[in-house]
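Build out the structure end to end from the sequences listed, making use of the hints.
So you can see what is in the structure, the chains are spelled out below.
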Amino acid sequence: MHPEDALVVRGLLARDEAVFEALVRQLHGKLVAVARRLLGEHEAAEDVAQETWRRVLSSIATFEGKSRLASWIVQIAKNRAKTRLERRKREILIGDEGLDPTATWFDGFGQWRSSPAAWDTPESSLEHERQKQLLADALLTLPARQRVVVTLRDVEGMDAATASETLGISQENQRVLLHRGRAALRDAVAAAMRARPS
Amino acid sequence: MIVTCRDLAARLTELEEGVGSAVERASLRFHLSICARCRRYVAELDRLKGLLTDLGREQDPVVPMSAEAAPDPAVARALSTFRAWKTGESSPDDD
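Each protein sequence line maps, in turn, to chains A and B.
Start counting the first sequence at 1038; every next residue gets the next number (my numbering).
Start counting the second sequence at 158; every next residue gets the next number (my numbering).
Derived from the structure by calculation, the hints contain no laboratory data.
Wrong hints could be hidden among the right ones.
To be verified - So the derived list for chain A, only partly shown, Cβ under 10 Å to chain B, looks like this:
| no. | residue |
| --- | --- |
| 1 | R1052 |
| 2 | V1069 |
| 3 | K1115 |
| 4 | S1152 |
| 5 | L1176 |
| 6 | R1190 |
| 7 | D1191 |
| 8 | R1219 |
All of these numbers come straight from a predicted model, not from anything done at the bench.
Just so it is clear, CB atoms sit at the ideal spot from N, CA and C, and this is done for glycine as well.
Shown next, in the form of C-alpha cells:
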C-alpha cells in the first residue's frame, strides 16, 4: 500500500474525523463530477457522492491497497453511478437523439465545406489540461443520451455491446449517439479554441 | 459504392466497431486513402478520444471548470455519516 494511503487508512480505522474531512474536501468534487457525466443532474450526482462516502467507511477495513486509495474511492462512485443509471435510465435518458451536428459540415455533394483543422498538439501540459477542461465542460452540455454514450464508451472505455446493453438501446442507436456526441464535442472544443485570446 | 465525406464521417463508428459488410468497410477505407480532409477529421477525432480517455483517469479524474470545490453543506452531510459510523449508528448500505 502506498505510504500516504496507509496513513489515511490508519486514520480512518482510528475513527479520526479530521482525516475523513480532509479526504472529503480533496475528493468530493471529483466524485460529483464523475457521477454527473452519467446522471446529468447535480442532485443525483451529489447523492452518489454521499453514498460513496458511506460505502468507503463501511468497507475501508477491506481496502488492500492494490490501487491508490483515491482510485478505489472514485471507482466506487463510478459503480454506484452506473447502478443508478441502469435503475433509472428511462428517466435519465429522456429526449431524442439530439441534433446531428454534422448536418452543416458538408455541401450538397457531401464534401467538406471547410477543411477540418487537425488540432494542434498542445505545446505545454498547461494547454493540454486546458483542452481537457474544455472537454469536461462541453460533455455536460450534450443531450443526455449523447453524453451518457460518449461517457461510457470514450471516458470509461466500455465496449459497444456492453454500453448498448447497459442503456437498453440497439448497437446501431448507440453508434448514432456516439457519432453525434463526438461531433458536438469537436465543434464545442474547436469553437472554444478559436475564441481563445491570442 | 461511392463514398462521400459526409458518408465517411457518419460511418466512422461502424468502421471502428467493425460492422457492415467487407465491401462497405473497404469503400470507406478507400475514401480515407484518397481524401486528405477526411484523414484530418479522423486525426481530430483520435485526439478528441485521447482527451476523453484522459478525463476518466481513475485516480485523478478531470472535473469541469464549473465544478465547485466540496461545498460546506456536502462536507457537513458526509461528516454526519462519519459520526453515525463512528458511534455505530450507521445505517446499513442500501445495496
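The hints, checked one at a time:
no.: 1; hint: R1052; verdict: holds (5 Å)
no.: 2; hint: V1069; verdict: holds (7 Å)
no.: 3; hint: K1115; verdict: holds (8 Å)
no.: 4; hint: S1152; verdict: holds (5 Å)
no.: 5; hint: L1176; verdict: holds (8 Å)
no.: 6; hint: R1190; verdict: holds (9 Å)
no.: 7; hint: D1191; verdict: holds (4 Å)
no.: 8; hint: R1219; verdict: holds (6 Å)
Violation of the numbered hints given earlier is absent; every hint is satisfied by the structure.
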